[in-house]
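Which chain is which? The protein sequence lines are A and B, in order.
Counting from 1, one number per residue, gives the positions in the first sequence under the numbering used here.
Counting from 315, one number per residue, gives the positions in the second sequence under the numbering used here.
Careful: at least some of the hints might be erroneous.
[Unchecked claim] Not the full set, but computed from the structure, chain B residues with beta-carbon under 10 Å of chain A:
1) VAL398
2) ARG493
3) ILE507
4) ALA530
5) ALA532
6) VAL534
7) GLU537
8) ALA547
[Said to hold, decoys possible] With the C-beta cut set under 8 Å, the calculated list includes, among others, these residues of chain B facing chain A:
9) LEU371
10) TRP373
11) ALA375
12) VAL377
13) ARG540
Read the hints as simulated data drawn from the structure, not as lab findings.
This one's a predicted model, so the numbers in the text were calculated from it and none came from an experiment.
From the three backbone atoms N, C-alpha and C, an ideal C-beta is built for every residue, glycine too.
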Amino acid sequence: MVEPDGLSQSGDRGDGGSLKPPGVELGLPAFVPATLHRQLLVDSVIWWMFTFALLAALGLSLAVVDQQESFGMLVCFVLFGGAWVLFNLTNARVAQQLPQITQLVECGGREAESLIRNVTLRRPLHRGVRLLVYHRMAMLRYRQRRFAEVVVICRSVLSCTLGPARQVKAHLLILMAEAGLECRDWYGAWAALVELHRCRLSLAEALRLLALQTRYQVQFGDDHPALYGIEHKMLMADLMSAEQCGATNAFLSIAAWRLDQPDLSRRLWERAQLLCTPRQLEEVKSAVMATHQGQNISGSSTITVSSPGIDCPV
Amino acid sequence: MAKSQVFQLPTPDQVADHLAANVPRGPSRLVSWLPMMAFFAVLVISLAFDHVIAAVLPWMALVVVLWFVSARARRVRRLERQAVEVEEMAILRYHLLTLERAWQLLPSLVGVPSVHGRMVSCIAHCLDQLQLYDSAILTYSFLIDRLPGDHDQAVRLSIERSIAQLQMDHLADADDNLRGLRGLVLSINNTVINGAYQFAQLVQHVRTNHFEDAVALAPVLVEQLRPLGVEAAYGHALMALSCHHLSDSPGTDEVDVWWHRATLLMPAVELIHRFGELRVLDGRSMPPGGQV
């Protein structure tokens, strides 16, 4: 489990899970859950103040409709209405910037950092819009391989009432599971995978869940569940991107090898070789080896590290 | 084609007519400003008359404006959802069903240009996969004409169009397109586009019987086609065919190795379905002890 307090302590670890690489000045400060909760509180206080003021103006304008002050109340209503429209315009502008942020995140550049920082400082924002901005921040941190921070962001956002941001719940869970596997937050990854099974997923999300679940099972030595329905899993994997499809084939190949199915293992590994670069296959191998170095988490005794006759991973 | 009728594969003329009748338009400025104009008109009326109704009128107008705006946003979200469903069907390779749904959805997307482009792209892809290459070329051209020339998507679509042209033996058109794209492909740092371009060149060499040129691509082919995923199987199969045509003895290892690679990624029947000339290689198997 990665706790918020651990952020500064792990700052100089230098591994994939580090939060702030030494010597690198970042435009966007490291995520602190308390900041998100404070921003959400301020947003909702301002929102309710506006709403009450608007309702008060409506009530008063109706109450004094036959008196001389009715014109003044109407002006008051127009002022409050204008302020309300301005408030919504700010939100609309930020919502319109979200696709641009996504595009910049894909490039992984510093522009995305500065844009996200500017947007998060704006207030008041609707809860849904603010949470969507933090979702993009999680995407950016994932892109930057700051996996421990991704887990914290996802956990914090998911702990809030998502409202209109529930459309990204599945993606947040996927990010959390993937980052959890990378930074060895096994419990977090497992919890995210369980929660994903309760969500309604798009095809792309379902494929990503399959890839993650296969990786999780093979890393933990649960080879039988990993190979269950192998033909269907291979067909589904064919719909993934080349790299993801290759990695899934490689993980399944390792599981097949450990279950003493050399023909299947060879076939899967050959497919993986056609779809993944040697470096990507090395990463798959090291992920499996790293899980079992010094500890056998699942308690399974079937995990063996030996060299098969074919050019196979373990 | 009415919804109640059984959907029939469109002819090139029908495709051209359908696309011409459903050209994307940006959202109307009048419709965008109509709610605000109506609201201010009501406000002026309310200020002009001193009556109970006049005081309530702006509130009613505000409610109507909010309802109108949210209804419009709901409609766009619904259309986007439908578009995603159609795209998912295309990924699952239900090409006929995808074509039907995208065809029917297109008229309602003229006011949402971004989603409109995605649906036309779906239609082009399905026509291509259903081997209606004339219609596919028309649809690709419709999309390419509306994108900046150096846009990644435009380059990708141009490559797809060139492959469709090669399938129709429009060799000169395809050659012009591929020559025009060479510089752009080199300047774009996108491995998928590079892979697609390499594949298109391979198809061109095979279609023009330049098997020596095709085999010259062999040393880097696995590396370059890798980003295409399982679609790389077509490239491996065409390389096997090129080796087959060049070799003196048809049973050489090279042919078997490339064919084995192709059939590892995709069943032979699918390969032959798209490239009928691969039939000569059907039934081959990897020699014992061979390596991918």
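Comparing the hints with the structure gives:
The interface hint given for VAL398(B) holds, since its Cβ lies 7 Å from the closest Cβ of chain A, which is under the 10 Å cut-off. For ARG493(B), the suggested interface contact is broken, since its CB lies about 27 Å from the closest CB of chain A, more than 10 Å. Contact between ILE507(B) and chain A, as hinted, is not supported at the beta carbon level, the nearest pair being about 13 Å apart and thus beyond 10 Å. Given hint, ALA530(B) at the interface with chain A, is violated; its Cβ is 21 Å from that chain's nearest Cβ, farther than 10 Å.
The beta carbon of ALA532(B) is not positioned within 10 Å of any beta carbon in chain A (closest approach about 14 Å), and the interface hint is therefore violated. With 10 Å as the threshold, the beta carbon of VAL534(B) stays out of range of chain A, its nearest partner Cβ sitting at about 13 Å, so the hint is violated. With a cut of 10 Å, the hint placing GLU537(B) at the interface with chain A holds, because the nearest CB-to-CB distance is about 8 Å. The beta carbon of ALA547(B) comes within 9 Å of a beta carbon in chain A, closer than 10 Å, and the hint placing it at the interface holds.
Taken as an interface hint, LEU371(B) does not check out: its beta carbon lies about 11 Å from the nearest beta carbon of chain A, beyond 8 Å. Annotation: TRP373(B) was flagged as interfacial toward chain A, and the flag holds, the nearest CB pair being 6 Å apart, inside 8 Å. For the restraint placing ALA375(B) at the interface with chain A, the shortest Cβ-Cβ distance is roughly 11 Å, beyond the 8 Å limit, so the hint is violated. For VAL377(B), the interface hint is violated, since its Cβ never comes within 8 Å of a Cβ in chain A; the closest pair sits about 11 Å apart.
Checking ARG540(B) against chain A by beta carbon gives a least distance of about 6 Å; that is within 8 Å, so the hint holds.
When each numbered hint is compared with the structure, violations occur for hints 2, 3, 4, 5, 6, 9, 11 and 12.
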